[in-house]
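Colleague: What follows is the residue order along each chain.
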Amino acid sequence: MNYKKLWLIPLGIVLFLASCIKDEARNMEADITSVEIAEELINAKPIINNRNVVIYIKPGAMDITHFPLEFSLTPGATVSPASGSEQDFSEPVVYEVTSEDGQFKKEYSVSLIEASVPEDFNFELYDFDTKKNWVYFYEEVVGVKQNLWASGNAGFAFTAGLNPASTKYPTQVTEDPQYVHEGKSAAYMETKSTGAFGAMFKMPIAAGNLFVGSMNVDNILSPETRFGLPFNKIPATLEGYYRYIPGEKIIDKDGKVVPGIDECDIYAVFYDRIALWKETWEDPTQPDRTWLNNDDILTSPHIVAIAQLAEGKATAGSEFVKFSIPFEMKKQVLRSDVDAFKYNIAIVFSSSKNGAIFQGAVGSKLIVDQVKVTVK
Amino acid sequence: MKFSLKHIIASVCCLGGLFLAQQVNAQTQVPKTWHVEIEAGTKIGGASPLSLPVEIREIKSFRPAMPFFAGIKANYAIDQRWGVRTGLVFDGKGMKTEANVKGYKTTFNAAEDPTQNVQGYYYGDISTNVENLYLTVPIQATYELSERWNVQAGTYVSFAVMKRFYGEAIKGYMRDEDPTGDRVGIENAAYDFRGSVRNIDVGMSVGGKYRFAKRYFALAQFDYGFNNIMKTGFESISFNLHNIYMNVGLGMRL
Numbered sequence: 001m002n003y004k005k006l007w008l009i010p011l012g013i014v015l016f017l018a019s020c021i022k023d024e025a026r027n028m029e030a031d032i033t034s035v036e037i038a039e040e041l042i043n044a045k046p047i048i049n050n051r052n053v054v055i056y057i058k059p060g061a062m063d064i065t066h067f068p069l070e071f072s073l074t075p076g077a078t079v080s081p082a083s084g085s086e087q088d089f090s091e092p093v094v095y096e097v098t099s100e101d102g103q104f105k106k107e108y109s110v111s112l113i114e115a116s117v118p119e120d121f122n123f124e125l126y127d128f129d130t131k132k133n134w135v136y137f138y139e140e141v142v143g144v145k146q147n148l149w150a151s152g153n154a155g156f157a158f159t160a161g162l163n164p165a166s167t168k169y170p171t172q173v174t175e176d177p178q179y180v181h182e183g184k185s186a187a188y189m190e191t192k193s194t195g196a197f198g199a200m201f202k203m204p205i206a207a208g209n210l211f212v213g214s215m216n217v218d219n220i221l222s223p224e225t226r227f228g229l230p231f232n233k234i235p236a237t238l239e240g241y242y243r244y245i246p247g248e249k250i251i252d253k254d255g256k257v258v259p260g261i262d263e264c265d266i267y268a269v270f271y272d273r274i275a276l277w278k279e280t281w282e283d284p285t286q287p288d289r290t291w292l293n294n295d296d297i298l299t300s301p302h303i304v305a306i307a308q309l310a311e312g313k314a315t316a317g318s319e320f321v322k323f324s325i326p327f328e329m330k331k332q333v334l335r336s337d338v339d340a341f342k343y344n345i346a347i348v349f350s351s352s353k354n355g356a357i358f359q360g361a362v363g364s365k366l367i368v369d370q371v372k373v374t375v376k
Numbered sequence: 001m002k003f004s005l006k007h008i009i010a011s012v013c014c015l016g017g018l019f020l021a022q023q024v025n026a027q028t029q030v031p032k033t034w035h036v037e038i039e040a041g042t043k044i045g046g047a048s049p050l051s052l053p054v055e056i057r058e059i060k061s062f063r064p065a066m067p068f069f070a071g072i073k074a075n076y077a078i079d080q081r082w083g084v085r086t087g088l089v090f091d092g093k094g095m096k097t098e099a100n101v102k103g104y105k106t107t108f109n110a111a112e113d114p115t116q117n118v119q120g121y122y123y124g125d126i127s128t129n130v131e132n133l134y135l136t137v138p139i140q141a142t143y144e145l146s147e148r149w150n151v152q153a154g155t156y157v158s159f160a161v162m163k164r165f166y167g168e169a170i171k172g173y174m175r176d177e178d179p180t181g182d183r184v185g186i187e188n189a190a191y192d193f194r195g196s197v198r199n200i201d202v203g204m205s206v207g208g209k210y211r212f213a214k215r216y217f218a219l220a221q222f223d224y225g226f227n228n229i230m231k232t233g234f235e236s237i238s239f240n241l242h243n244i245y246m247n248v249g250l251g252m253r254l
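One line per chain: the protein sequences are A and S, in this order. Every letter in the first sequence is one number past the one before it in the numbering used here, and letter 237, counting from 1, is 237. Every letter in the second sequence is one number past the one before it in the numbering used here, and letter 64, counting from 1, is 64.
Watch out, some of these pointers could steer you wrong.
[Said to hold, decoys possible] In silico lysine to any residue, SDA-like type, Cα no more than 25 Å apart, as pairs:
hint, chain 1, residue 1, chain 2, residue 2
1, S, Lys96, S, Arg57
2, A, Lys58, A, Pro46
3, A, Lys22, S, Ser238
4, A, Lys202, S, Ser238
5, A, Lys168, A, Val257
6, A, Lys202, S, Phe239
7, S, Lys105, A, Lys45
8, A, Lys22, S, Phe239
9, A, Lys233, A, Asp296
10, S, Lys105, A, Gly76
11, S, Lys96, S, Lys163
12, A, Lys22, S, Arg194
13, A, Lys22, S, Tyr224
14, A, Lys202, S, Arg194
15, S, Lys105, A, Val257
16, A, Lys105, S, Thr107
17, S, Lys105, A, Thr33
18, S, Lys171, S, Pro64
19, S, Lys96, S, Phe239
20, S, Lys163, S, Lys231
21, A, Lys131, S, Gln119
22, A, Lys22, S, Lys102
23, S, Lys214, S, Trp34
24, A, Lys22, S, Pro64
25, A, Lys45, S, Tyr173
26, A, Lys105, S, Glu235
27, A, Lys202, S, Asp125
28, A, Lys22, S, Glu168
29, S, Lys105, A, Asp337
30, S, Lys105, A, Asp23
31, S, Lys102, A, Lys58
32, S, Lys105, A, Leu41
33, S, Lys96, S, Trp34
34, A, Lys105, A, Ile48
35, A, Lys22, S, Phe62
36, A, Lys353, A, Ser300
37, A, Lys58, A, Thr33
These are calculated hints, taken from the structure and not from any lab test.
Bound-form chain A, shown alone (with noise of 0.2 Å):
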């Protein structure tokens, strides 16, 4: 007998064993997934993003100095403080999330927020992502800071490149002269090209937009608005200053070029959340929702008033020009449940009014300062 072949058995034996799916890895993510919290102490579902999380709570439901705030995280993941220990969020309190593997960290902001939005916005407040360097803009009510402006600017990082410049991105804030009104900055919103990344999911524009709400993007393809944050006061007008520069040419989510002129939004929509709310109990595909979407921020049955720039045109000149634009009272509302924080204030700008169907001219720019909800 001749055995010299018989090594190919052995060979053939390593190479079946090593073919074995291996033992799942420790797991490499450090998130906080979920909050919970008794619904009667919130107004508004709490708003968990990647490195925050604001949850708008009822005033005076809770001694927010010594609150035990409960949350789950990864699986694996740890977390100190840990979940359910008392802290004092009359500031943000910071929680590092660890690993199951150890080798990722993340720290969140937690904010519980008791006040309403506010009357001013000025822009001056604002810092950037740490990673992507992307503007957000906040404000301080008594003291206390509110992560209350969103954008796309999260959805777009994604394409953006590693370290990215800020003024890569479709909103930016602008500290030039001629884009400030008042104080040393102002929102800037330009529309952008998503390039071939985006061109291939027929999106291929982003328009600058900001808006009071957050921004969800568990799925790039459909980043969801969710507009619309806790206000306790009746609005009468909303006022500011904008400058409105068009583009060169519309073009649609094909790419292709679309006759016109672009044209900027401006509006304020206050609806009742708690209808929203209790209507959204049983719905499947977004339950308990307690802001308005892209669908139905302008056609929703809870609006209650809506204020809406009439035209988006481009403005003349270099210079800012005025708006001041009336609340459209849609149904009546009780000063009790305004004062109950029962309602939601959504504000919206975009530099291309289609930006939501990725229609829009490259280039458009809107400029806005001092932003102001006049109030009953």
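With chain A held as given, fit chain S onto it using these hints.
Modeller: Using the frame of chain A, we list chain S on its own:
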């Protein structure tokens, strides 16, 4: 545990080893002579990591792509048993797989422009299509086991004449840049790594052939690529992929 292509290869090796080991009759060839053979056939295998990395949780489907080879080989008999051979083989090395992955470090790109790339860790289902065509030059030692059996072993150098390596993230999400980055849902996002496939693949082969008629034979050959089929510096896949194929076919002595 799922059966992967390598289980199949491994099984063929085991069986082949047993089968070959039983053939022991002495036989001779005519020393200092040349002969030429042509051969063609099919193959099974893939561009595979040597052991399945921990990121791969499940192989949902696998099938070969372009599984063929056709070649011509010149054989030289040194003595009655030993010989050498070389030649030129045109072969396709490809596969189509669908896998579920977790924390798979990768890059998605829609265009040649690298600033448009999206890098991060992907969680979800991913499909991979590899379709590479090579011109291969083998150099092998041959040994006559018997009147019917001949075994060969040696190295080969393959030159890629067509390179394709593409696929889709089917349903899942990506963590931007690292596992703590923004979580972005992904559906049907394409990737294309053809530019990163190496032009040259070097490897080794072992095989045998069985003469069932005067001029005709059946053959089996196992090919293993030494180098990662992707270029050095390519980081979109966090593990090395080797061309590992089992060839079976028929040949004719001219």
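Colleague: Now tell me if each hint is right for this structure.
Modeller: Tested hints:
| no. | hint | in the structure |
| --- | --- | --- |
| 1 | S:Lys96 - S:Arg57 | holds, 17 Å |
| 2 | A:Lys58 - A:Pro46 | holds, 12 Å |
| 3 | A:Lys22 - S:Ser238 | holds, 16 Å |
| 4 | A:Lys202 - S:Ser238 | violated, 30 Å |
| 5 | A:Lys168 - A:Val257 | holds, 23 Å |
| 6 | A:Lys202 - S:Phe239 | violated, 33 Å |
| 7 | S:Lys105 - A:Lys45 | violated, 33 Å |
| 8 | A:Lys22 - S:Phe239 | holds, 14 Å |
| 9 | A:Lys233 - A:Asp296 | holds, 22 Å |
| 10 | S:Lys105 - A:Gly76 | holds, 20 Å |
| 11 | S:Lys96 - S:Lys163 | holds, 14 Å |
| 12 | A:Lys22 - S:Arg194 | violated, 28 Å |
| 13 | A:Lys22 - S:Tyr224 | holds, 22 Å |
| 14 | A:Lys202 - S:Arg194 | holds, 24 Å |
| 15 | S:Lys105 - A:Val257 | violated, 38 Å |
| 16 | A:Lys105 - S:Thr107 | holds, 22 Å |
| 17 | S:Lys105 - A:Thr33 | holds, 22 Å |
| 18 | S:Lys171 - S:Pro64 | holds, 23 Å |
| 19 | S:Lys96 - S:Phe239 | holds, 18 Å |
| 20 | S:Lys163 - S:Lys231 | holds, 12 Å |
| 21 | A:Lys131 - S:Gln119 | holds, 13 Å |
| 22 | A:Lys22 - S:Lys102 | holds, 12 Å |
| 23 | S:Lys214 - S:Trp34 | holds, 16 Å |
| 24 | A:Lys22 - S:Pro64 | holds, 23 Å |
| 25 | A:Lys45 - S:Tyr173 | holds, 23 Å |
| 26 | A:Lys105 - S:Glu235 | holds, 23 Å |
| 27 | A:Lys202 - S:Asp125 | holds, 22 Å |
| 28 | A:Lys22 - S:Glu168 | holds, 23 Å |
| 29 | S:Lys105 - A:Asp337 | violated, 51 Å |
| 30 | S:Lys105 - A:Asp23 | holds, 18 Å |
| 31 | S:Lys102 - A:Lys58 | violated, 40 Å |
| 32 | S:Lys105 - A:Leu41 | violated, 41 Å |
| 33 | S:Lys96 - S:Trp34 | violated, 40 Å |
| 34 | A:Lys105 - A:Ile48 | holds, 17 Å |
| 35 | A:Lys22 - S:Phe62 | holds, 18 Å |
| 36 | A:Lys353 - A:Ser300 | holds, 19 Å |
| 37 | A:Lys58 - A:Thr33 | holds, 22 Å |
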